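Given the coordinates of chain A, work out where chain B should sit on it, guided by the hints.
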Amino acid sequence: MTAPGLATQWRLRVDPIKCRAHGLCAELLPETVDLDEWGYAIARRAVPPLVLGEARAAVAACPTLALRLERTSAS
Amino acid sequence: MSRRPNPPEQGVVRPPSGGWRLLSGWAETGRAETYSEHVERFGRLPLTHYAGTAGRQRLIDAVAAAGLRGRGGAAFPTAVKMATVANGRGRAVVVGNGCEGEPSSRKDRILADYAPHLVIDGALLAAHATGADEVHLCMHEGAASLDNVARAAHEHRSKVKVRVVAIPGGFVASEESALVHYLEAGDARPTSKPPRVFERGVKGRPTFVGNFETLAQLGLIARFGPEWWRSVGTAQSPGTALVTVDGAVQHPGVVEVPYGMTLGEVLECAGGPTETVQALLVGGYAGHWLRADSAVAVPLTHEGLGAVGASVGVASVIALPARACGVTETAHVLRYLAAESAAQCGPCMFGLPAIASDFAELANGSAVRDQIVLRRLERRLGEIDGRGACSHPDGAVRLAESALRVFEPDVRQHLAGRPCAAAGVAPRLPLLQPGRGVLVAR
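First to last, the protein sequences are chains A and B. Quick note: our numbering has the first sequence finishing at residue 1299, numbered continuously throughout. Quick note: our numbering has the second sequence finishing at residue 1377, numbered continuously throughout.
Everything labelled a hint here was simulated from the structure, so no lab data went into it. Just so we're clear, the structure is a prediction, and the values are computed from it rather than from any experiment. The C-beta atom is built at its ideal place from N, Cα and C for all residues, glycine as well. Be careful, since some hints might not be right.
[Unchecked claim] Straight line, CA to CA, 30 Å or less: simulated DSS-like cross-link-like pairs of lysine-lysine:
| id | chain 1 | residue 1 | chain 2 | residue 2 |
| --- | --- | --- | --- | --- |
| 1 | A | 1242 | B | 1138 |
| 2 | B | 1096 | B | 1138 |
| 3 | B | 1128 | B | 1096 |
| 4 | B | 1128 | A | 1242 |
[Said to hold, decoys possible] These stretches of chain B come out as covered by chain A in the derived footprint (C-beta under 8 Å, 3 or more residues):
| id | region |
| --- | --- |
| 5 | 1049-1059 |
| 6 | 1272-1281 |
[As the list claims (entries may be wrong)] From chain B, some residues computed to sit far from chain A (all C-beta separations above 12 Å):
| id | residue |
| --- | --- |
| 7 | 952 |
| 8 | 970 |
| 9 | 992 |
| 10 | 1068 |
| 11 | 1079 |
| 12 | 1125 |
| 13 | 1127 |
| 14 | 1233 |
| 15 | 1267 |
| 16 | 1284 |
| 17 | 1289 |
| 18 | 1318 |
| 19 | 1319 |
For reference, chain A alone in the conformation it holds in the complex:
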């Protein structure tokens, strides 16, 4: 049995229509967010637990509200 919360993984989901390549997320969270050559966010890696706070900050900072922090079950 895993303690609740331990198996939880977090991921940033980018709404591709809303993302307008402002790039604040990559400034705040380089651990998880890359930018493509046109400046649009790529968030394929899981968010390490230690930077969950920064991830929340990135979500809040996005000028177009294109980011969401989502819980995914660890596989």
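What follows is chain B alone, placed relative to chain A:
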């Protein structure tokens, strides 16, 4: 025209025999089927047989037992979608998708023109199974079939409201969230997921979007049962499929074939190749190139194409002649796909023109620079994949990746400064000329 009186009672009607099912009317008469001919051929819509809650479940079970998968390209199990919509929150809506934005495919137009009643039957069955009270049948603006389908729908005198809707043209306008978006807000561009339309679609209601061929197959399954329906095809890919065959073949057009036929046999259905063929484009513009020599033995099935890294997609097969340059042809298709982007998502809006011009540079061949171009292209393909609201960019990536594999010897020659003779020419294939073609007989 003589009308034969008294359509036979339901149950007396025999399922179509021989190769043609959906298009058996056309195969026999060579023209569009009238409503009375349709009823005579297939029998009345057996809604009473599926009455009540138990009946609706029986209908969904029959579709599940048949193993019907969507024919619009994604091959999603139809019964799963139906059950999700039927059990969703709120009154369901049914959308029939006959837009066929994919230029390599003409099967849905052929169905709308020659067997509209079977499509309408399927839409009404889907409405019955999901408890929907409205049906929207969507086709692209200007399609000659629009009036035909509207007239045909009127003849069914269904209690369910059936509306025929003209959708603005465009490749991505017929993606399911784009259809729902258009019906809702008059904007035929895809929306972000979630929510998926089967959860929350038209008016926020669970929405069943079914391709015209999927609906027509429903019309057969409901009448003649899953066992009959599965009697052709393979265990994993049962039934028949409408396939558009084009390129270097004698008689380009649409054929109805059982799943499991090899791609070589499919080409023969269209009269066979007119010249030496080097590659086949399978599954549409968002599909895969396959080398012709090995592909002719590959069965047209989900499992057969899956095993060679391809997929059925919209079930079109285009034969590329040996004298054409695959790199150049792919560059043309990629430019088309780039132009068809809804320009909503950055990776698609900027990425597709970028990979299209990379391909054009490879096609034109300037040795020194091309090494850089190829590396850049490969990086871009990896970056763009999966980053759109719809799968439009993914389709372009698939096409480009398969082209790099299949035409690898050509790419190498181009990189060495020796582009093929046909490099950089205008497209040889009828790739960018939608609307071509006739029905071919087997």
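Legend entry - Hint check, failures only: 5, 12, 13, 16, 17, 18 and 19
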